[in-house]
Structure formats: C-alpha cells, structure tokens
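**Q** At position 89 of the sequence shown the residue is numbered 270 (the working numbering), and the sequence of numbers has no breaks.
Since the hints were made in silico from the structure, they are not lab data. It is possible that some hints are incorrect.
As the list claims (entries may be wrong) - Below, a list of computed lysine-lysine pairs in the BS3-like style, where the Cα atoms sit at most 27 Å apart:
{"#": "1", "residue 1": "Lys240", "residue 2": "Lys250"}
{"#": "2", "residue 1": "Lys259", "residue 2": "Lys220"}
{"#": "3", "residue 1": "Lys240", "residue 2": "Lys230"}
Quantities reported herein were computed from a predicted structural model and do not represent experimental measurements.
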Amino acid sequence: MTLAMVSAFTKIPVRADVAMTGEITLRGEVLPIGGLKEKLLAALRGGIKHVLIPKDNVKDLEEIPENVKTGLTIHPVKWIDEVLALGLESRPESWAEPSAAEAAAESASKPKPRSRAIKH
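When you get a sec, could you build the whole thing from the sequences and use the hints?
**A** Have a look at this one:
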C-alpha cells in the first residue's frame with residue numbers, strides 16, 4: 182500500500198514484475214510477515230519475477246521449495262527506501278543527489294540568519 186501511495190503522488194509507476202509483502206512502521210522499517218511460502222508460490226504462479234520480502238523473513242526461505250526460489254528473484258529489504266528503489270520504475274526527482282552548482286544555488290538563496298533579534 183505504501184508503494185502504491187508513493188506511486189500515486191509521484192506519478193512514477195510501480196514495476197509490473199515486482200510483488201512485495203510486509204508491514205511498514207511509521208519510521209519506515211519493514212516488519213516480518215507470516216505465510217511466506219504461500220505468498221511466494223502465488224507470485225510464481227502469477228508470473229512475477231521479483232519479490233520483496235522483509236529481511237527478518239530470510240530464515241523462512243529454508244522451507245521454500247527449490248523450484249520456487251529459482252523461479253523468483255527474492256530481495257530481502259529492511260527499510261522503505263529499499264522498497265521504493267526496487268519497486269518503482271524510476272527514482273523520484275527529489276531522491277537525485279543535487280549537483281554542486283544546484284547545492285550552491287540553493288544555499289545562496291536561503292535567507293541568512295540575523296545576529297540579533299529585530300523588534301517590531
């Protein structure tokens with residue numbers, strides 16, 4: 182749901198070959214889930230190529246049949262920024278690192294702090 186909301190706000194599509202499962206905390210941490218085996222089987226049957234799973238569920242991959250693991254690229258994730266990077270077709274512009282010129286221009290346009298308070 183979080184990825185869908187980011188996609189809607191940024192107008193960047195979610196990758197069609199990616200599925201994901203997990204819960205996101207208010208701080209952006211991806212929490213573990215139950216039923217991983219069934220979810221991975223459903224993704225494989227649905228033609229999905231990449232599945233994002235909570236990093237804390239990596240231990241559960243031992244229970245997954247080998248043919249399912251070889252049919253999917255499984256990406257363990259811990260934070261929402263990893264989900265966004267893997268799940269969206271491109272990065273939002275605000276994620277792009279500003280060039281030195283852009284950073285200098287932004288810094289120059291900010292008002293300078295005053296050394297003393299101005300009374301009105």
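**Q** Hint compliance check: list the failing hint numbers for this structure, sorted ascending.
**A** Per hint list: zero violations.
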